[in-house]
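Protein chains in written order, with the UniProt record's numbering: chain H, 1 to 541; chain D, 1 to 546.
Calculated from the structure, these hints are not laboratory results. Computed from a prediction, not measured in an experiment: that's the story for all the values here. Please note that the accuracy of each hint is not assured.
Mimicking BS3-like on lysine-lysine, the simulated pairs with C-alpha atoms at most 30 Å apart in a straight line are [unchecked claim]:
id	chain 1	residue 1	chain 2	residue 2
1	D	K270	H	K319
2	H	K216	H	K176
3	D	K307	D	K37
4	H	K367	D	K224
5	H	K367	H	K400
6	H	K66	H	K46
7	D	K490	D	K425
8	D	K138	H	K18
9	D	K281	H	K291
10	D	K138	D	K475
11	D	K20	D	K120
12	H	K264	D	K270
13	D	K400	D	K318
14	H	K18	D	K236
15	D	K307	H	K217
16	H	K400	D	K224
17	D	K181	D	K236
18	H	K367	D	K236
19	H	K400	H	K350
20	H	K126	D	K185
21	H	K319	D	K281
22	D	K266	H	K291
23	D	K459	H	K126
24	D	K509	D	K162
25	D	K459	D	K475
26	D	K224	D	K284
27	D	K236	H	K319
Letter by letter, the chains look like this.
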Amino acid sequence: MQHQIILLKEGTESSQGKSQLISNINACQAIADCVRTTLGPRGSDKLIVNNNGNATISNDGATIMKMLDVVHPAARTLVDIAKSQDAEVGDGTTSVVLLAGELLRQVKPYIEEGVHSQVTIKAYRKATNLCIEKINEIAVTIGKTNEAEYRASLEKCAATAMSSKLIHGQKDFFKKMVVDAVLMLDTLLPLDMIGIKKVPGGGLEDTLLVQGVAFKKTFSYAGFEMQPKSYDNPKIALLNIELELKAERDNAEVRVSNVAEYQKIVDAEWGILYDKLDKIHQSGAKIVLSKLPIGDVATQYFSDRDMFCAGRVPEEDLKRTIKACGGSVLTTVGDLKDSTMGTCERFEEKQIGSDRFNFFTGCPHAKTCTVVLRGGAEQFMDETERSLHDAIMIVRRAMKNDAIVAGGGAIEMELSKYLRDVSRTIAGKEQLLIGYAKALEVIPRQLCDNAGFDSTNILNKLRQKHAQGHKWYGVDIMNEDIADNFHECVWEPSLVKINALTAASEAACLILSVDETVKNPKSGGGDMGGMPAGRGRGRPM
Amino acid sequence: MALHVPKAPGFGSMLKEGAKFFSGVEEAVIRNISACKEFAQTVRTVYGPHGMNKMVINHLDKLFVTNDAATIIRELEVEHPAAKIMVLASQMQEQEVGDGTNFVIIFAGALLEAAESLIKTGLNPTDIADGFEKALEKALEILPTLVCHEIKDYRNEEEVTKGLKTSIMSKQFGNEDFLSKLIAKACVSILPEKTTFNVDNVRVCKISGSGLTSSSVVQGMVFKRLVEGSVSKKEKAKIAVYTCPVDTVQTETKGTVLIKTAQELKDFSKGEESLVENEIKALKEAGVDVIVAGGKVGELCLHFINKYEMMAVRLNSKFDVRRIAKTTGATALPRLTVPTPEEMGYCDLVYTDEIGDTMVVVFRNESKESRVSTVILRGATEYLLDDVERAVDDGINTFKCITRDGRFVPGAAATEIELARQIAKHADTCPGLEQYAIKKFAQALEVFPRTLAENTGVKPNEVLSRLYAAHEEGKKSEGFDIEGEGLNFKDAVTAGFLDLFVTKHWALKYATNAACTIIRVDQIIMAKRAGGPQARPAGPQDADED
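Could you put together the complete structure from these sequences and hints?
Structure representation (structure tokens):
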């Protein structure tokens with residue numbers, strides 16, 4: 001019967017029922033298929049061109065998902081979990097999407113047969129809890145007592161994270177660097193204290209780690225060339241002042257009555273500038289860094305007095321300089337004292353590739369470091385930066401939570417076996433956790449597929465090994481076989497796995513619990529009814 | 001668009017062209033009822049712990065994944081006038097109790113469905129409405145006798161947890177134990193001694209990443225922000241709260257500084273510097289450790305704040321500024337003046353922390369005086385977080401109701417069955433035409449066990465008959481157990497399925513009122529919309545095309 005008066009606003013789309021659920025699952029699988037091939041050491045990269053025509057080559061699940069610009073409401077959930085994994089752990093983004101996709105795929109036939117989706121949700125939740133318990137049970141704690149051993153185990157974690165990336169060829173080179181970098185940070189391990197600077201040219205092996213700060217030479221005015229480029233134990237003044245002739249205040253107006261007064265005003269302006277410069281000079285500072293421009297008058301003044309200056313230093317670099325050298329950013333020159341100035345053992349300007357870089361090394365505080373990345377193409381370096389980011393995050397996590405498990409599909413196979421064992425003891429519909437067990441196998445299977453191995457064969461071998469109690473057996477990519485990955489040093493922090501499992505199953509449950517989509521027509525502005533839920537509570541923005 | 005409806009000759013022509021006009025039982029009442037039925041059907045599947053979620057994309061393209069009926073109907077943009085009455089009824093419930101919105105819509109829908117069949121047998125709509133109202137009276141009479149549990153000490157966390165569980169269960173099935181404990185902790189800890197509980201004092205902070213079980217409660221407030229200056233931790237801090245920006249004062253009227261001599265020019269900026277320094281220094285000397293600003297913190301000010309080792313936090317929302325003033329007991333100052341000791345707030349610990357990769361500023365107050373607590377929710381996706389937030393919201397509202405009236409009735413549809421049974425009996429004693437309507441009212445109550453069973457995937461008729469049998473035997477709190485396999489029944493009280501008495505009380509009332517209002521309408525006149533028909537937006541793609 002057709003309604004004369006419509007129930008919902010015109011243009012509202014609504015779809016409901018089982019077909020809706022199936023269609024959501026299909027959409028999610030399509031997304032999972034997108035990133036499927038990037039998993040593992042032999043995974044392929046994706047080239048994505050965005051709407052500005054910029055090309056990105058990446059192997060990182062989160063990056064790909066972000067670039068894809070997904071609009072499907074259910075599939076957006078998967079993008080979300082990839083982002084959340086990126087935020088929480090920084091690595092394992094591909095696995096989390098893949099796992100969620102596979103969990104949904106396993107449930108699809110049951111849904112089609114008419115099993116109520118709440119039953120599967122319950123089974124999945126239970127399975128997740130079982131898995132997390134199991135991971136915590138079998139995870140191995142890295143001993144912190146032995147310095148060398150601790151370091152070695154961190155390096156192994158970093159190596160595992162990098163083995164799936166573009167730079168896996170150089171992972172031995174980078175793993176040392178990454179661990180060095182993270183160990184230099186203070187207790188909170190703030191990520192932004194590791195600066196990554198990209199300089200095109202050279203080879204990957206030319207990448208260097210600076211214990212201190214390095215940044216690209218800033219734009220400079222005449223007179224810069226005459227400044228000395230290296231100092232030992234200089235004092236560093238960090239400023240937030242424009243050292244240029246300028247109006248003191250925007251809306252100030254000068255009214256003069258005679259010519260003599262006019263000259264005085266001009267002199268006064270110069271006087272103000274020279275006054276500032278004198279104060280800086282008298283403070284004994286050798287290096288002047290400022291967030292704001294340093295003009296040519298100041299540049300020449302400094303070079304006459306054997307000082308070095310750099311204006312328009314990016315804020316994050318300035319912050320890191322403070323962390324490394326001490327001191328604080330000053331907004332007035334009145335307070336320049338030894339306590340507010342930083343220092344370092346050595347400052348120099350060096351040529352790297354086609355750029356000149358300022359180096360501050362031997363810093364007393366050294367809570368920060370800089371990686372100067374070298375490499376061929378720009379995209380290549382971008383990807384290297386992302387890979388390093390992942391590796392750094394993994395090392396940070398490993399330091400915060402020192403439990404690790406074996407990677408390469410080993411832990412997934414073990415969990416899968418454990419769930420199968422448990423499911424046999426359950427009589428009811430919750431035996432569905434066998435679906436979870438099957439879904440977990442997608443990780444080793446995909447590792448094999450991407451490497452071009454016969455996945456069925458290898459999986460059979462793995463199942464047999466795990467059934468015999470060899471819990472750390474996983475895929476051996478190098479030899480097209482299986483191996484004890486704990487011995488092979490393919491290690492991952494257990495937190496990465498726990499978070500991946502939780503996120504994947506939460507996403508899967510969310511998608512399974514939806515049975516209707518209603519889409520309201522878009523409106524132009526944010527008029528009535530647009531208030532977000534919760535009556536404005538809990539949005540501390 | 002639709003069939004041409006023949007208009008009553010004469011009347012239609014009196015109206016402006018384009019106006020719609022319907023009258024009579026067939027055209028108005030039945031039509032209204034069927035629209036409402038359809039609407040109730042939409043939200044029926046979300047009822048109960050095994051209810052499904054809905055994805056609603058609102059007109060701003062924001063996606064909601066939820067099974068909170070209040071959210072669904074708010075975002076649905078209902079157009080139909082009769083269905084709107086139901087929406088209003090459920091919104092009233094939301095405001096009065098904060099939970100049980102779904103109950104209202106489903107029950108009103110069921111009542112209307114019952115009314116439809118009565119109208120078709122020839123009963124007058126007015127009689128039906130009267131009957132429903134009588135039945136409601138009886139139901140509200142019976143309801144207090146069903147009270148099975150009462151929370152007297154609402155400062156007891158454990159008892160409160162028990163009371164909150166059922167409400168959370170229907171939103172976040174599987175996480176109810178964890179969440180209800182969390183909410184109980186958050187609510188009980190900030191319960192003021194004398195005044196009543198304010199819902200606004202329990203805050204929610206959503207941070208994506210990790211899993212739901214990593215959520216926690218913080219005494220005090222949490223903001224997703226960074227500190228402005230370089231100081232990031234202060235213990236036992238005195239806090240000055242400003243609603244204004246902490247910056248050099250700008251004049252509202254556009255003015256220019258007139259400089260006449262060179263000396264004036266030289267002194268100008270020096271003067272400004274020392275002015276700011278004096279201001280900040282005065283704050284320090286007054287003992288201020290943390291400055292909370294409602295606006296920008298100027299660079300020059302920040303410099304001196306850093307110099308005097310104070311912490312500066314900038315909050316964008318003026319509500320947040322107000323709340324922080326409340327939490328710490330400070331008086332928010334509208335101008336950058338030195339606060340008196342009474343105007344300053346106090347906080348045990350102010351620090352920045354990293355949760356996931358989000359930096360937060362935490363104002364923590366361990367002492368009893370803390371008047372605000374924050375639930376930090378963690379979860380994998382934003383939608384999930386939004387949905388959990390709504391569940392927490394409902395939980396907090398339930399707590400509010402507990403503080404007012406701690407009476408509970410059995411859940412798991414036990415109350416509804418018992419009501420249905422007693423009302424049906426009562427109907428037989430009523431002479432007159434209302435008898436039919438009262439009987440139907442009882443039948444309408446059956447919709448709850450029926451829906452629970454349907455959503456769980458169990459045969460509803462069997463559940464009903466078994467429940468009736470049990471209640472006839474005198475097991476007043478026997479309810480349907482959704483956790484077991486197939487047909488399972490449990491005593492709701494021992495299993496801990498408890499529904500708030502007030503929720504049921506108001507829900508029954510609002511639903512019946514809404515249904516009666518709709519039944520009593522016999523004419524609909526819709527004026528032509530101003531501005532003409534809206535053009536359909538150029539083909540937004542179907543959501544599930546892939």
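With a cut-off of 30 Å on the C-alpha distance, tell me whether K181/D and K236/D pass.
holds (29 Å)
Under the criterion that the straight-line Cα-Cα distance not exceed 30 Å, is the pair K270/D, K319/H satisfied?
Roughly 26 Å separates the two Cα atoms, so the pair holds.
For the pair we were handed, K66/H and K46/H, check the Cα-Cα distance against 30 Å.
Given pair K66/H, K46/H holds - Cα atoms ~13 Å apart, limit 30 Å.
Please verify whether K307/D and K37/D have alpha carbons no more than 30 Å apart.
Distance of about 68 Å is beyond 30 Å: violated.
Does the alpha-carbon distance linking K400/H and K224/D stay inside the 30 Å limit?
holds (22 Å)
Given the hinted pair K138/D and K18/H, is their Cα-Cα distance within 30 Å?
violated (40 Å)
Hint check: K264/H vs K270/D, CA-CA at most 30 Å. Holds or violated?
holds (18 Å)
Has the given pair, K266/D with K291/H, been kept, meaning a C-alpha gap of at most 30 Å?
holds (23 Å)
What's the verdict on K400/H and K350/H, does the C-alpha distance respect the 30 Å limit or exceed it?
Violated, at roughly 36 Å.
CA of K281/D to CA of K291/H, is that 30 Å or under?
holds (25 Å)
Checking one constraint from the list: CA of K367/H to CA of K224/D, max 30 Å. Satisfied?
Between K367/H and K224/D the Cα gap is close to 25 Å, so the pair holds against 30 Å.
Would the hint linking K307/D and K217/H be met if the CA-CA limit is 30 Å?
Holds, at roughly 29 Å.
Checked against the numbered hints given earlier, this structure breaks hints 3, 8, 14 and 19; the rest are met.
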